[in-house]
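Put chain R on the given structure of chain H with help from the hints.
2 protein chains.
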Amino acid sequence: MTGSTSAHSPPRRASPRFAAHDRATFDAVLDSCERLAEAHFAPHARRSDIEEPHIVDGCVRLPDAVAPALRAFADSGMAAATEDEALGGMQLPAVVEKAALAYLAAANVATVSYALLAMANARLLLAHGTPAQVEAFARPQLEGRWLGTMCLSETQAGSSLGDITTRAEPDDADAGVPSALGARYRLTGRKMWISGGEHDLAGNIVHLVLAKIPGDDGRLLDGARGVSLFVVPKCLPDADGAPGVRNDIALAGLNHKLGYRGTVNCVLHFGEGAHPVDGRAGAVGWLVGAPGRGLAAMFHMMNEARIGVGLGAVALGYTGYLHALDYARGRTQGRVDGDAATPQVPLVAHADVRRMLLAQKAYVEGGLGLVLYCARLVDEARIASDDAARADTTRLLDLLTPVAKSWPAQWCLAANDLAIQVHGGYGYARDYRVEQLWRDNRLNAIHEGTHGIQAIDLLGRKVAMDDGAAFAAWTARVAQDIAGARTAATGDAAVDTALAAHADALDARLQRLAEVTAALRQAADPRLALANASVYLEAFGHVAVAWIWLQQARVAGATPGDFHDGKRAAARYFFAWELPRIDPQLDLLASLERTPYDMRDGGF
Amino acid sequence: MTGSTSAHSPPRRASPRFAAHDRATFDAVLDSCERLAEAHFAPHARRSDIEEPHIVDGCVRLPDAVAPALRAFADSGMAAATEDEALGGMQLPAVVEKAALAYLAAANVATVSYALLAMANARLLLAHGTPAQVEAFARPQLEGRWLGTMCLSETQAGSSLGDITTRAEPDDADAGVPSALGARYRLTGRKMWISGGEHDLAGNIVHLVLAKIPGDDGRLLDGARGVSLFVVPKCLPDADGAPGVRNDIALAGLNHKLGYRGTVNCVLHFGEGAHPVDGRAGAVGWLVGAPGRGLAAMFHMMNEARIGVGLGAVALGYTGYLHALDYARGRTQGRVDGDAATPQVPLVAHADVRRMLLAQKAYVEGGLGLVLYCARLVDEARIASDDAARADTTRLLDLLTPVAKSWPAQWCLAANDLAIQVHGGYGYARDYRVEQLWRDNRLNAIHEGTHGIQAIDLLGRKVAMDDGAAFAAWTARVAQDIAGARTAATGDAAVDTALAAHADALDARLQRLAEVTAALRQAADPRLALANASVYLEAFGHVAVAWIWLQQARVAGATPGDFHDGKRAAARYFFAWELPRIDPQLDLLASLERTPYDMRDGGF
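First to last, the protein sequences are chains H and R.
Heads up: the first sequence begins at 390 in this note's numbering, then just goes up one per residue.
Heads up: the second sequence begins at 390 in this note's numbering, then just goes up one per residue.
Same shape as in the complex, but just chain H (with noise of 0.2 Å):
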């Protein structure tokens, strides 16, 4: 999409932030992390699946790749790409960076986990650590020589943080550890599906936790008000901040799971006193941010986080098609006129077979310009010029992260699947690489917030906040795109034509999602208007998507070529194949439709 003229997208260098970079620092990054991607992350990509993490004396062992490809990683100075320079950064935008990142999670999406956990985590700190927390968490992450993870579930409390109960109460004994690193807390509690809960990988793990302190009764709060975040480390920094005395934290067992196998995933006990500390049980933390505000500060972050789950969705759908279009020109197989004495033709020479190819490169490439048009905003938050812009550009984030994260999870899933089909009974072999990237994109609508939640997070929620101004905003920035596409002058009047068809088309969607989300938002009903959030979310992700492709139509305008008469044709694809799937599920919506929430347990 180099080359958008979008009004409302003033050039990105112009900022200060970024006026080291230009287009070859740009394309350097991407080169780096292909390169990285090809020489350290694919060639363990199937070993990762099949030797899953396991236990060996009490450690978790993983394959002799793993550590390598995040040593390089480290080198690569990724971690910090986004940061400022103080920090080691390079201050690059985060919609280069995600770009750039998409290349190892399309190679090897377990194993770019542990960094990418890593980097989520010291991001948490910037924002919400002291100055001495990032210093002595954050900046080893940032430099790749520590990992971290986020330790949120119980098994009682998976989507329903509100009701973890690890406790935390306050440690007076100090034993040597600088205050400077905040209040310290023993932390008890089991913590339940934590990716790359533990491993020896890298120098240290610093676990951000989530936990509750009891109030003066003993007793802990409700709910999330009573939720706070601490930093665990597996081992407490020393005084020069070196890994020392190990924590009182215990990996009490592996989830196996359906893909992503190689992303360790551990239940960890805290404080049982496997690992006493100053000779006595509790896991040593300290407070980050304020008491009860951890659920705050974890949410800060799921935008970002949320964005990389819709990332890694595209990532391993865009694989996928890449192994299948492979697979479609290269596998001969049946023939297009019936005459048995002519050789066979490649797969790709059938209709149906391009039918599937179409429909993986409308969703890998209609997903990625989502999520990177989400990172924009990112970078648009930052180098905002006062706090209304700043809050302006947070807010359409806000309302476009549920959408970018569940879009390309059901979307670019089905990809895989189509992947898997145009393979055939190959696809179904574990010689091939397409079941294991339909396996590990399975969790892609699940972590983070399942499909569910972030459905409710739409409707409920961003559609709502500030009497809708996320919506009207963006409703705005996607009538300027239409207004532009309509009078488009490419110098071709098919292709102009084309154009001002398909935003007649997104048109009558974008206005009709209006229309249906000011009746849902007026519903007497509340629970009722909400019970078909999950439609509502689809609905909304085809719009925005539509959207997205109106966007590449309209640069890819009259440009002669097979790279922008692809880019012409999966937009015609979108538009005849994609977007009138949401025509039912917009009248649903607007009748309300009650069948699922009158439903009566007894029934099923």
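Misleading hints may appear alongside valid ones.
To be clear about the criterion: a stretch of chain H counts as covered by chain R if any three or more of its residues have a C-beta under 8 Å from a C-beta of chain R, and this derived list gives those stretches [claimed, not checked]:
| hint | segment |
| --- | --- |
| 1 | 630-644 |
| 2 | 720-726 |
| 3 | 839-850 |
Since the hints were made in silico from the structure, they are not lab data.
Here a beta-carbon is modelled for each residue, glycine too, at the ideal position from N, C-alpha and C.
Below, chain R alone, put in the same frame as chain H:
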């Protein structure tokens, strides 16, 4: 659907063929298969997946529990359940047999597949073999003593079976085997994707093999007209019919699959001298049916095989639904009113979870109805009073078969996906059953003819055959049920209104489907008309399943109670949420949308 009063379905028990049966014998068969499933098939379902078949000392090693399960199945007499009493059968209606077998597929699809393959093999021999071939090869399978396979695909010939290169040369050396078995050949070639191709679960393995007999010039005929069918046992029958000399068939390797892992899948090399017979290479086989009619014979049996695939897909989807329902009732998470001081509620209390459960219910019960309807047509054809009636019924069955195969493969897989989603993170863990069901079910859109092949079969052949006679006959049946639902008088005005609304909704789509069908058949460019056949298949499928739901809703009528409430709700769900999906599909078909058709390879 007991109590159905459709005018077009006379009670089957009126037929002398089924005279020995009544509701009690049907119930006994169903109960016995349910018990068999629970006792012998379900317990090793996960083990079948984990302890994948592997080769030890040249033999395929399977989990210990597989052989006893198949022996118990043999003892049940189900292998011959629908066959003539003279063959040791029960003359059970296929509709009851399929319903009973669904329990076994639901419990362990991988293990029951060995038996189902043998049954299909035996039936093909019954239809096309000589009495001696039936006695030698079909009877031991119907008695559950031997197992069997279908050897169709080769590496270069999957969907395109006319391109096989396995050769069958006349073999004059009879080696003492009764010539009553027919013309004897020596086969040479390599077969791919052979389910049940090698194991020691039975006394013998009967391979039905497609091969080509060379002409006088030594060359093989191009295309399907050159393909003949042979019966090629692993061990040649001795003078007493017992397994004797080892045939020249070698296990060349196992395919490792995404799912369905317990069904061993092999590469077999025929006639390469690993086990010479009478001192020379060449696998001994006997011609079944006429030369050059091999594909026709194979496809004669394809209807039942494809209905079997649909049934398997339903069984996997149904099992997932039951697991999801159980989980949703037992697992507490979150609240409906948001009051953190109250206990968490069961998942099923959330409307979005009920949506996912209702969708699963609608898919699996709708799919089951469609598959069993097709099984009923098998029965109707069998007991038809004259050839014309038989031809009518068979034509209808031919029409619906690709739909009964593909619709469950697509939507019961979607049900499995939703079952994972209901489980959240636990659904992604291998400790729970649903991820395996999803992997297992993914095969069903591939084997026995891919989704795309079924689509071309439906739109390119079935809909057009006999100048559209089958399509016309089907729409007449549907129209009859629409009329019946419109005039239903259940004694409950609300139910009558709902039924009439369902009928109207179906009627509109049926008419639109008929219009689109006519337009596609008359299209100037038949290749373009066929290009979007997959969409046609999907739209047709939703109409067919809406028809099934209309019948179920009519039978439910106003009968009170949870079971019938559930049926009414699932029907309401299907008409409100599912059927409208096809409106844009039918519009797309009507427009002869040509983006995939026109797409050039370079644009991908």
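Now for the hints, and whether the structure bears them out:
{"no.": "1", "hint": "630-644", "verdict": "violated (count 1)"}
{"no.": "2", "hint": "720-726", "verdict": "holds (count 5)"}
{"no.": "3", "hint": "839-850", "verdict": "holds (count 5)"}
Checked against the numbered hints given earlier, this structure breaks only hint 1.
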